[in-house]
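Protein chains in written order, with the numbering used here: chain D, 1 to 361; chain E, 1001 to 1383.
Worth flagging that the hints you see were computed from the coordinates, not collected in a lab. One or more hints might be untrue.
Claimed, not checked - Some but not every residue of chain E turned toward chain D, in silico, with C-beta under 8 Å: (1) M1241; (2) V1270; (3) G1271; (4) V1286; (5) S1291.
The structure displayed is predicted, hence computed values, not measured ones. Idealized CB from N, CA, C, for every residue including glycine.
Listed below, chain by chain, are the residues.
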Amino acid sequence: MEGQDGMAEHIGDEAAAMMSDGVDRLLREQVDTALLSEAEGGNWSAALWAKLERAGVPQCLLPEAAGGAAVEPALALRLVRLAGYHALPLPLGETVLACALWHQAGGEPLPGPWSLGGDLLELRAAPEGMRVTGVARRVPWGGAVAQVLVCARDEAGHARLLALSPQRASARAGENLAGEPRVDLEFQGVVLDASRVRPAPAACADGLLPYGALLRAQQMAGGMERALLYAVQYATQRTQFGRPIGQFQAVQHMLAEAAGHCAAATAAADLASAAWGGADFVFLVAVAKSRAGEAAGRVAESCHQVHGAMGFTQEHPLHFTTRRLWSWRDEFGHEPYWQERIGRLVCAAGGERLWPLLVGG
Amino acid sequence: MALFRFDSPRFPPQAQAAREQARAFLADELEGGRFAPHRSSWSTFDAAFSRRAGAAGLIGITWPRRYGGQERSGLERYAITQELLAAGAPCFAHWVADRQSGPQILRQGSEQARTEILSRICRGECYFGIGMSEAGSGSDLAAVLTRAVREGDGWLINGSKIWTSNAHNVHYLIALARTGAAGEDRHGGLTQFIIDMASPGVTVRPILNLAGGHEFNEVHFQDYYVPDHLRLGEPGQGWAMVTDELAFERSGPDRFLSDYRLLVELVNRVGTEPDAREAVEIGRLVAHLQSLLGMSASIAALLEKGLSPNIEAALVKDVGTAFEKDIPEVARRLVACEPGLDAQSDVFAQTLGNVVLHAPAYTLRGGTREILRGIIARGLGLR
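Assemble the whole structure, with the sequences as input and the hints as a guide.
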């Protein structure tokens, strides 16, 4: 990332660790069962968002001159993983990435929170300005955010980034299995101010789907870790046949296998984060999203099995995490979508080109 | 947060140079037709290949110059290892010595042992086997019965080892023997010795594997005398040393690249325009492999820092060997083909045939899947 778009000056390792610890502590204190339940009723957690803003988290990827904290993309995405771990019911990752991409595209600062849509819209010149048409489907918190970042193509086929106000769209409310808002926003020839249209940086030329996928991969990595910790804790406390169930080999091996899936998914998500802005970014996002998606299903299944009937109730908080895992794995492209993209790329290049693709050179 | 430690390492530019060095050597080998990738893997023993690899400066590269090494970093070695594996090169002759025996001698061996042995390993002329398992001591390593007792300036060893790969071809084994009481945790009283296979008192009996290959052996010691300078570490410290050694043995890319060539042949067989199902299945395998490369690189970086990431190593091996076993199953789902090693079989069928016959070993060697899951469970705090 060095040398690109004024983001060369990153904070040091110590400051990064402090920021990460601070966010962890804040979310640990704030995101409890009560807050999660209220959020599912459609309540925007304004007080918590304000706290995150005061801590500079939503803008953390922006350079300091633009009011950000100039963190490295890898750190910003670790914060996204933390949000996933704590099941934060707010579009933190979406805001972190969208406002940074908007800045990178040369956009003027706009108030948050932000969301982003994976669909490509259509941009047409009209006498009164540029008009945008199309549906941005399943936009996270699409009814509550101030801006939605989408990618559109103009008549010439050039990719443009648009900062859209959801108020200009006709909205159809929806939510995922975890009760997180997912809103279809339909724009029917909405006229845009020139300040809301920017040439898309090369890294966004194929749309924003990979960015959304990277967010979900990191969130799933965090969510899986949380589910595993719940399961380990439960297995050491729940006693049957005179001993904690975690002492049974069948239970141990189920959780060990789940830990392997979690570790592989986390490594994949980190590879994709580290490739931010690089030539292999989309390939590594495809790896991360498909690996994490596959892992999420397996980890959720095992963790529920360990929790028995208790985990199947609303009385235990496991469901806040597992319902997110079941949702996130299908958002911004499910496993087969990304696997097929990888497979086509690999096959087109041929077997002997696979190795350099994996390790470089 | 942070159950396990898998940081993304930053590789130094020297690692890329080492990669290029290995690629140049392998390209030359392939051009000269000196090994056949579809018929070999890292667990193919080929002393001539290892001598050429040694001459090309690819063995023992991290060790001190005074012992024949090049004092290069572990991450450079890691890159070279990966390249050898991906090429399907027949590395088994030098593999164990380079991976674990040499480093163990460097850390725990006498000065005489270092001087006599290490530079020969680097030249690709000296090979090692692992003498841990016994008939009654496979997964339960603490049950070792082979005994070593003091005898003059050295030790007398009596007992038997089994599943000793290449014992008939190597110059030395590192054998684990009981030298004292086991103690309450059963981990006490064990010591490792360097066994010179040319000395009297050791005999080797072959055990053919199901593919007809001779890799395994049974090794018998009868009043075998080993001089004290071939002892590794302090008497009774063997358990801790074996545990450290296993972190090297388990975490490397050899635990998920054993049948990488089958993946390459699968991609070639499917061709440049796969249908959706073929693309999805191949894409899934590639995603798994890339993830494993990420995990294993982070372990390489931890080892380089001098840490012993035993639990992370167990995770990589468990996930990695499951992946290795998945490749032939996906390959045969996508390609209708009868695997075979006969003259009628093409390269794909032969590669598949070889993998099918060797795959059972993937989740056994270097610690069974079940032992690894026990280690991971301990890391999770379940035991």
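For each hint given before, does the structure comply? Return the numbers of the non-compliant ones in rising order. 1
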